[in-house]
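Fit chain B to the given chain A structure using the hints.
There are 2 protein chains.
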Amino acid sequence: MPTAPSRIPAGLRADARHNRDRIVQVARGLFAERGLDVPMAAVARRAGVGIATLYRRFPTKESLVTEVFADQFQACTSVVDEALADPDPWRGFCAAIEKVCAMQAADRGFTAAFIAAYPDALDVERERARAIDGFTELTRRAQAAGGLRPDFVPGDLALLVMANGGIVAKSAEAARAASRRLVGYLLAAFSAEHARPLPPPAPLDLDPMLGLSPR
Amino acid sequence: MPTAPSRIPAGLRADARHNRDRIVQVARGLFAERGLDVPMAAVARRAGVGIATLYRRFPTKESLVTEVFADQFQACTSVVDEALADPDPWRGFCAAIEKVCAMQAADRGFTAAFIAAYPDALDVERERARAIDGFTELTRRAQAAGGLRPDFVPGDLALLVMANGGIVAKSAEAARAASRRLVGYLLAAFSAEHARPLPPPAPLDLDPMLGLSPR
Chain A
1 MPTAPSRIPA
11 GLRADARHNR
21 DRIVQVARGL
31 FAERGLDVPM
41 AAVARRAGVG
51 IATLYRRFPT
61 KESLVTEVFA
71 DQFQACTSVV
81 DEALADPDPW
91 RGFCAAIEKV
101 CAMQAADRGF
111 TAAFIAAYPD
121 ALDVERERAR
131 AIDGFTELTR
141 RAQAAGGLRP
151 DFVPGDLALL
161 VMANGGIVAK
171 SAEAARAASR
181 RLVGYLLAAF
191 SAEHARPLPP
201 PAPLDLDPML
211 GLSPR
Chain B
1 MPTAPSRIPA
11 GLRADARHNR
21 DRIVQVARGL
31 FAERGLDVPM
41 AAVARRAGVG
51 IATLYRRFPT
61 KESLVTEVFA
71 DQFQACTSVV
81 DEALADPDPW
91 RGFCAAIEKV
101 CAMQAADRGF
111 TAAFIAAYPD
121 ALDVERERAR
131 AIDGFTELTR
141 RAQAAGGLRP
151 DFVPGDLALL
161 VMANGGIVAK
171 SAEAARAASR
181 RLVGYLLAAF
191 SAEHARPLPP
201 PAPLDLDPML
211 GLSPR
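Heads up: the protein sequence lines correspond to chains A and B, in order. Counting from 1, position 126 in the first sequence corresponds to residue 126 in the working numbering; the numbering is continuous, with no gaps. Counting from 1, position 180 in the second sequence corresponds to residue 180 in the working numbering; the numbering is continuous, with no gaps.
Looking at chain A on its own, in the form it has when it is part of the complex:
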């Protein structure tokens, strides 16, 4: 389970909190660009903080990488919560799909590299199950509201994420634009209006959604 929130002392001053957020954001970008081997000094330099400040907040590389991942993982699971909170389930569904695919386009292999390097750093089981339950409920509501075609199955999210992965993997520069256009086409296809018959669902489960295999 993500441990990010518990690591930030409740009384952390605003500028310290700002520093922490900036370090995590900069580290996130560097890991995505150059892999997990980026030196701590490079993170400090780009974040505009001293190396001592960086090590005070994150005593080890692992603690920084884990924090970055926890942040991202929380953002991913909160996408479903936000969508469920939308009074228009179909609008919530579309927004969730757009956000998940945009995150995947920005990920650039970070999640896979993190899990390979630190397989036991976080217990993500519970959060993953919660996200899958949430998306299944979101699907049900969007179908009940008439926006989402009735033959959409939750496993089609895995289809979409794998398809988006094919685009993200193949074209570094064009990845975000290509991903947005693919998602645009697919949301048009998911709409209940004038839906045409589809081939049957593929036997896929939802695990690719979070870039994780079952453990």
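The set of hints was computed from the structure by calculation and includes no laboratory data. Since this is a predicted model, take the numbers as computed values, not measurements. Where hints are given, some of them may not hold.
Stated by the list, open to error - Here are the simulated SDA-like pairs of lysine to any residue, each with C-alpha atoms no more than 25 Å apart in a straight line:
#1 A:Lys-99 - B:Leu-84
#2 A:Lys-99 - B:Gly-184
#3 A:Lys-99 - B:Pro-197
Only chain B this time, still in chain A's reference frame:
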């Protein structure tokens, strides 16, 4: 340019022709399953021909691999010709998309492995340019006939093939079913009926269509 037809003597007897087709088909399946290192003896065994017969037809492994690729490449380019011959351009367009994606699902990395192993075996430039011109013309006609939405651009085929590649790469067993369902969704999205606005096209070219990078 594919040289397959010129290698089959005009007067080749029907059973010899049948043997040749069977060998190529069996080799195709074995290369896809197990890579290009499959021994010639394994090809002969599965094709039900003697090893001497196999070597009489294909004196080297390279000659067999090249023939398999030429066959497949010709099948791929003829997809566009068949689609252009359909009196209903939108139906032709849909059939071409379905066939290209099914071929990609069946390819299992064979094309990439072939090009890596024998980069100079075939001059595919001319055929590739012809296929791209043909698909561009098919797009124009399907739009003029009102079936294909007007904001579809030929580069969206690259998008689709990359997306399909993400599915094909990730799930060996479910690949064909997943690919068919993705294509079903995307053809629904490509339809001109009730098309909704899309994000702008990504700067992709058509080269992934044939699994080739420009040379």
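For this session: Output the numbers, in ascending order, of every earlier hint that fails for this structure.
Result: Violated hint: only 1; rest satisfied.
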